[in-house]
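*Asks:* Chains as they are written, first to last, in this note's numbering: chain A, 1 to 363; chain B, 1001 to 1363; chain C, 2001 to 2363.
No wet-lab data here; the hints were simulated from the structure. Be a bit skeptical, because a hint or two may be false.
Away from chain B, derived, C-beta distances all over 10 Å, residues of chain A [to be verified]:
{"id": "1", "residue": "P12"}
{"id": "2", "residue": "L17"}
{"id": "3", "residue": "V18"}
{"id": "4", "residue": "E127"}
{"id": "5", "residue": "K188"}
{"id": "6", "residue": "R270"}
{"id": "7", "residue": "L298"}
{"id": "8", "residue": "M319"}
{"id": "9", "residue": "L325"}
{"id": "10", "residue": "N332"}
{"id": "11", "residue": "F339"}
{"id": "12", "residue": "V342"}
{"id": "13", "residue": "M346"}
Straight-line alpha carbon distances no greater than 27 Å define the calculated DSS-like cross-link-like pairs of lysine-lysine that follow [stated by the list, open to error]:
{"id": "14", "chain 1": "C", "residue 1": "K2122", "chain 2": "C", "residue 2": "K2271"}
{"id": "15", "chain 1": "B", "residue 1": "K1271", "chain 2": "A", "residue 2": "K335"}
{"id": "16", "chain 1": "C", "residue 1": "K2062", "chain 2": "A", "residue 2": "K188"}
Computed, partial: chain A to chain B, Cβ under 7 Å [stated by the list, open to error]:
{"id": "17", "residue": "L312"}
{"id": "18", "residue": "G315"}
{"id": "19", "residue": "L321"}
{"id": "20", "residue": "F322"}
{"id": "21", "residue": "G334"}
{"id": "22", "residue": "A337"}
From a predicted model like this one, the values you see are computed outputs, not experimental measurements. Ideal placement from N, C-alpha and C gives every residue a C-beta, glycine not left out.
Take a look at the letters that make up each chain.
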Amino acid sequence: MTALWSEFRRNPLLWLLVFLPAVFAAESLQPEAHTLLFVLSVLAIVPLATLLSHATESVAAKTGDTVGGLLNATLGNLTELVIALTALRAGQYMLVKASIAGAIVTNVLFMLGASFLLGGLKYHMQEFNRVTARLQASLLFLATIALLIPSAVKLADGEASAFTQQLSLGLSGLLICAYALGMVFSLKTHRELFTAAEHGGDHETPWPMGVALTTLAVVTVLVALVSELFVESVQQAAESFGMTPAFVGFIVVALVGGAAEMASAFSGARKNRLDLSVGIALGSASQIALFVAPVLVLLSYVMGPTPMDLRLWPGAVVMMLFATLTASLVTNSGKSAWFVGVLLLMVYLIFAMTLYLLPPASA
Amino acid sequence: MTALWSEFRRNPLLWLLVFLPAVFAAESLQPEAHTLLFVLSVLAIVPLATLLSHATESVAAKTGDTVGGLLNATLGNLTELVIALTALRAGQYMLVKASIAGAIVTNVLFMLGASFLLGGLKYHMQEFNRVTARLQASLLFLATIALLIPSAVKLADGEASAFTQQLSLGLSGLLICAYALGMVFSLKTHRELFTAAEHGGDHETPWPMGVALTTLAVVTVLVALVSELFVESVQQAAESFGMTPAFVGFIVVALVGGAAEMASAFSGARKNRLDLSVGIALGSASQIALFVAPVLVLLSYVMGPTPMDLRLWPGAVVMMLFATLTASLVTNSGKSAWFVGVLLLMVYLIFAMTLYLLPPASA
Amino acid sequence: MTALWSEFRRNPLLWLLVFLPAVFAAESLQPEAHTLLFVLSVLAIVPLATLLSHATESVAAKTGDTVGGLLNATLGNLTELVIALTALRAGQYMLVKASIAGAIVTNVLFMLGASFLLGGLKYHMQEFNRVTARLQASLLFLATIALLIPSAVKLADGEASAFTQQLSLGLSGLLICAYALGMVFSLKTHRELFTAAEHGGDHETPWPMGVALTTLAVVTVLVALVSELFVESVQQAAESFGMTPAFVGFIVVALVGGAAEMASAFSGARKNRLDLSVGIALGSASQIALFVAPVLVLLSYVMGPTPMDLRLWPGAVVMMLFATLTASLVTNSGKSAWFVGVLLLMVYLIFAMTLYLLPPASA
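Please model the entire structure based on the sequences and the hints provided.
*Replies:* Given below as structure tokens:
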């Protein structure tokens, strides 16, 4: 408990945990107050994600580099995975897909851009390990191609679904392979190239193993419970806020699910440890694209009402493509100044504005 | 007057000023001779653009770096702006948009390509400040995304116009912000990175302030008057030359409006001052994309018959995208040889040929 | 004959020549056994391509650098050219186009990727001359734009064919010009930049001139004869294997036609001479895109039943574009490790899987 308590003092986001009982209370008292439930569940997920993130890192820190890297790589986006699984079980595939694409775009543009901007406002010029950036950008580029090619092939109506289903399964397998091989490359055979880009780890004291594992288990269950309320309320809440479903899935869910990682990435940038920020932002994006998304496709065969495919709507693919291209271009030099952050954020704003203004029927 | 006269001897383009009285004479004598009026107005705009460009630089040179940079950045494409405004008032939005997209593509591919080729024929290998090239290419890339995303979103027919209108206003605001921040970055906070890339300035003796300001005022009015004849005659003249409207807007107007800058860029390349050429070509392109185009959208609410949006036809967006990508790829190394120029010019020729052959109904 | 014999011992692929008499025997005995004829003709083309490739190199080695470079540049893809010409005469334009696009994509992704992977499994990190890679990637990018722009322009139905025809002729001329100028650049004016990237040549003892020229003539005729059986049998064989026509043209024909070059590229990579591999893979791709494809368009006016245009179906253009972009990104640093190869092969697998699963009617 002392470990948890010292966390509270260090990490102000954790005070948002007061909204955890609030959301459950609201649910039993006012089950029809969708907007309230939506807001409370968002506020409750953020601190849970923070706890989950620290618990994962603590377990990873204790288990040695390779197992730890593996753990970080599989559980690093546990929050996003649990939210998406809840939406998957509810058959809300549109929300699942929007939140996947949105998480990738938000990590690549908003998290990276705000890190560059925050770091750049404090330091004139910052440097980072561009080998890491290049590896992650390449993996993202691969995932983008995997999502884009099926949409580029024009199909007669009747044939589309069987083909898309088979292709999605095959592509999911390929992406998971590529992700696994990328880990072999960066954690085993060529680890010396990636030294400066360790994912967090040493910036906070790790918890003892028992605390970490218990936290991991308990908080995952809590996230699952809150996610259910979130997924149930999101659509009606969005309407009452005047937001399109595409905007909610793409922007709101992505910002909520990634809040914990953003806190780490931004604090890294302010401490002139941009390697950390770039590693978290791009690493998290490529993890979602090459691990979380294919795993969801595979799990949809077990858990969903019907199998889910990997096909996104054209606008989302185009946004992923340009997010990836922009990230490739700006990280190519391994240097950053504030304006690089502005550029990334501007691209994000263009996307967010388009989705916000989009007439609901066209999403 | 001595200053003006010495200009005439140095800059042979100015002798084209004889076509200025000719075009007004032709208009009062033969108001229906569209082809003649078109040719004469083209020939008259070129020297006016040259005078305008030198006057702007002279004012900029006297007012210190920051104000000067600001002036160059806002008035540097005054000719294009005046032509576009004339077309805007006449409600010819297709011509306005074609000339904007065309000016960007022409600057990026033709002006830069011909500079590389002309320089490369004289020098074996030339170098330039690639930080400048990268900044401008990034800004162009941002503008391309802003123009592309709205087209990537499929819309139901009824909803399109309100959505496109709002989005165009929002994107115009974003682009102007990005342009302003880019100036803060290159003129203020990180100016040391851009030292070698000053926009012209010292390569010609600046005029005295009085001459410069008078020239600026008088010539702007003259350009506006000739532009009116140009815009009125262009469509019928194009038909009689067998050119499509897309070709005229994209290629002819762009070459006419940019003639003065091309003269400076090419002469810079021949003097092995490629920084100057790259700065003019890419700087002018990004100015049109991030400043002139959004300003025209905003002004269309005041001056046009109906508001204009930022939406281009798909072919134009694709051309802008590939022009920007090509420029990013070839300027990435900061070195140039003649073949790099050939590559850029070939891409330009592909575009020009496509637009020239295009059946009129499909533009 | 001794020269030929020593080849047999060094190059195990040549033993496949036993299938040459087999395919002619099968044709006269079982002219309807399409699947058998298809398999035998594939097996017979591979060693013929190897002989053709070595004969070309031998002639090139004897004739000095410039003429030799020219010969390599025009005859280097003689096998692909002969197969495509046979399909052209048979009016199978879909197969011609699929095999062109497929050869480019296969060279860029499979040949380059497998070279990086095979080299990377033996050496920790390999380097290559990135100037060569950049030149070839730029040429490929130019060709991709030339193939993409006509498809990006939307046309009314009636006008499409005349416009596409004229544009294809014009673009073919442009591409051949660009290819010729690229040779002037790399073989004449700036040859010092490309020194390490000589196309093969010195890695095998060249044959005497007489042997080489005779082999060139005889084997070209043999390839033409076998190609005829191949083109006749391919469609029905594909059906019986359950392969789509797009998959056969894009993947099978490309792998068959490029087998000889692949052998050289892979052996170069295993000997840590990655310059050789990159030069062969990208050089061959750009040769097909900028020389073979336009020549086929021009020849279709003389040899084909109707003129052929340069228009590909959208999926093929997208694949070419992403193959070229991927190659640009990964060769940019001039360094390679095994994972770079995996990335390229993964992109190739995505394409191959999509084409394999594609319902036949949609190709």
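*Asks:* Taking the earlier hints as the rules, which of them does this structure contradict?
*Replies:* 8, 9, 10, 11, 12, 13, 15, 16, 17, 19 and 21
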